[in-house]
Amino acid sequence: MTLTDLEPTQRPEGASDALMMLNGIRQEFPAAGGRTVHALDGVTLEVQRGETLGIVGESGCGKSTLARAALLLRKPTAGEIRFGGQDALAMRGGRLRAHRRRAQMVFQDPNDSLDPRYKVLRSVMEPLLAAGVPRKEAKDKALAALEAVGAPDGAADRFPHEFSGGQRQRIAIARAIATEPELVVLDEPTSALDVSIQAQILNLLLELQESKKLTYMFISHNLAVIRHLSHRVAVMYLGRIVEVGPASQVLADPLHPYTAALLSAVPDPDAGKRERIILQGDPPSPTQRVPGCAFASRCWLATEQCRTEAPPLVRTDAAADSTGGHLVACHRPGEGQEALRLGLTPASSTTV
Amino acid sequence: MTATIATTDALAVEDLTISYGDGTPVVSGVDLRVGPGEILGVIGESGCGKSSIGFAVLGLLPAVARVDAARLDVGSRPMGDADEDDWNQVRGRVASMVFQEPMSALNPCMRVGAQIAEVLLVHGLADKKAAHARALELLRLVQVPEPELRAKQFPHQMSGGMRQRIVIAMALAANPQLLVADEPTTALDVTVQAQILDLLDRMRRETGAGVLLISHDLGVIAQTCDRVVVMYAGEIVEEGEPGEVLANPSHSYTAALVASIPTTSSAPREDLPMIAGGVRDSDRATAGCRFAARCAFATEGCASPQTLVEVAPAHTARCWRSTELDLTTRTEATA
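These protein sequences, in sequence, are chains X and W. Quick note on numbering: the numbering used here labels position 35 of the first sequence as 35, and the sequence is numbered without any gaps. Every number in the numbering used here is 1000 more than the matching position in the second sequence, counting from 1.
Please keep in mind that the hints were generated in silico from the structure rather than gathered at the bench. No residue lacks a Cβ here, since even glycine has one placed at the ideal position from N, Cα and C. Just so you know, not all the hints are guaranteed correct.
Derived list of chain X stretches under chain W, where covered just means 3 residues or more per stretch with a C-beta under 8 angstroms from a C-beta of chain W [to be verified]:
(1) 195–206
(2) 214–228
(3) 278–285
What follows is a list of derived Cβ distance ranges for each label pair [as the list claims (entries may be wrong)]:
(4) X:Thr308 <-> W:His1156: 42 to 48 angstroms
(5) X:Pro30 <-> W:His1156: 15 to 21 angstroms
(6) W:Ala1133 <-> X:Pro30: 28 to 34 angstroms
(7) X:Ser211 <-> W:Gly1301: 36 to 42 angstroms
(8) X:Ala78 <-> W:Gly1243: 49 to 55 angstroms
(9) X:Ala90 <-> W:Ala1114: 53 to 59 angstroms
Work out the full structure: start from the sequences and follow the hints.
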């Protein structure tokens, strides 16, 4: 059984102020030797209006592929995407172009995402013109967006190379909010920046979310940044969601052993030297679909069941509140964190 | 070949200044000491000079860079007036480097076993057969599974973490006294980062090599280092044991840097304290405190030359007000 076989019963009933619903998204790519990369292996996820949904995972787990699927930049192999109640994958032509105004993206590296030969104004106007906004109006909106992100005076008539990395990322954010979108997907927006600049950008993102009622899908490998910004967090491993729930629960009381290991691996300046779970090896190749839990090969709790039977993503808490609940895909939920708390770390751990 | 435990300092640097042309120095007046088996962290933001220091102690800066130092001892060798031939004797043998990006640090056209053996062959430390045997031994040392198989593979056949293990194996091949690791885990995932930091920690214990660990990540520094120096605009502004420096910063730049990073104990979704402005060229040229223009606590006295003063045992800060200011609360550091 895989996640795709699941009925979408885990959706919180009556909870839905869902802006976007991803249901059983699969994304496959052909690989060398006739193999197939299963970049997304049945992702079901809901993004609620006004929230920040943090997506965390390591390289190759599919988080950026998920972002591209959510923005309809690439049609998934299978699955359903509903945006504001509409079937987004069925949109064509003018309707699709109109839709693109509603969902925008900020990329990791503003050096790559801004065209070096375009003046800033042209870059920021581009999504507006693409959506059919008249030139005069597009210019006003672009200038307003630049002002909203705190770009320096006269920025519109300058080129990207005249700005620092932090300023360039502000400009990229201006471009994303210029169309007055509902959803902004942020793919590692501060990874290329120094920490003091990171603070400025994170503060700006929080402020814009409040003032413009934005919904964020925030993708990062940095758990501290995810924790700082997110209302809810989804943890991905090898193309699957292994855990999702309120940030305060997932990051403080992880139920999946991978989440527990990930959290303990992050060096924390406040914690200093401490007990850690050090996972052995690397994630398996996404060209091999494992029958059981994707994490079983690196999990110190894995049993025969874990290797043969994929655990479904199920709710663990009883409360049917609007948070969507705390879901985990694990046959032995909570045991990893429990062991860490008791100091019974796996054999692979170390005391530094 | 067994590891020899070094007794002299791995690195001793006094009054190191690095400049280009007649511009203002990118590094000025830096003193560093790395003991055998010790990990000294160097932390700071882009442009603070931390990587320049790493290159300078391996003689890797371009010829246009002017490096002046009252003392520059790498292992037991004084390298202050060294020429390129002298450096060739030192690099890879007395001191070696672990770079940030393992893919570009390895030769893509050469089997990794041969790359590791090359270090020994270049320095004439072993014949071909012995070098190959040592390469396998090193692969085992850095915990590469199936070393015989891996030795015959090319870098592209390996994951990022595995490649970084190969780079570390190469760096350790000749039993150097000093390892310079410039952002060795920045390109890696956090679970792999934990493996590599653990490996570095084990290696320095087993080989006795001192490590100069350059990083922008306060967490990595806190987890790994015995001591840390904080760099700002080319100067050391604070030095001490990492737990102490990060928990009780005594320079307002360190305090502001620590405060600006979200951590497990910072309040979610609240504004992070920011450091206003940036480093200007004039800040580097000033005789006084280079951080003064961005510091919330600056007064007229900050225009006078600043020295590193002891604020606690083995903890110094380049701030004349360091003993009177309380920088421990997060919000006060806002500029």
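Status of the hints after comparison with the structure:
1. Interface restraint, the region 195–206 of chain X with chain W: holds (8 residues with C-beta to C-beta distance below 8 angstroms; minimum three).
2. Requiring three or more residues with a Cβ within less than 8 angstroms of a Cβ of chain W, the coverage given for the region 214–228 of chain X holds, as 6 such residues are present.
3. With 4 residues carrying a beta carbon less than 8 angstroms from a beta carbon of chain W, the region 278–285 of chain X meets the three-residue requirement, and the given coverage holds.
4. The hinted range of 42 to 48 angstroms is not satisfied by Thr308 (chain X) and His1156 (chain W), whose Cβ atoms lie roughly 33 angstroms apart.
5. For Pro30 (chain X) and His1156 (chain W), the Cβ-Cβ distance of about 20 angstroms falls inside the hinted range of 15 to 21 angstroms, so the restraint holds.
6. One distance hint, 28 to 34 angstroms for the beta-carbon pair Ala1133 (chain W) and Pro30 (chain X), is violated here, with the actual separation near 42 angstroms.
7. The beta-carbon spacing between Ser211 (chain X) and Gly1301 (chain W), approximately 41 angstroms, falls within the hinted interval of 36 to 42 angstroms.
8. For Ala78 (chain X) and Gly1243 (chain W), the hinted distance range of 49 to 55 angstroms is satisfied, since their beta carbons lie about 51 angstroms from each other.
9. A hinted range of 53 to 59 angstroms for the beta carbons of Ala90 (chain X) and Ala1114 (chain W) is consistent with their spacing of about 56 angstroms.
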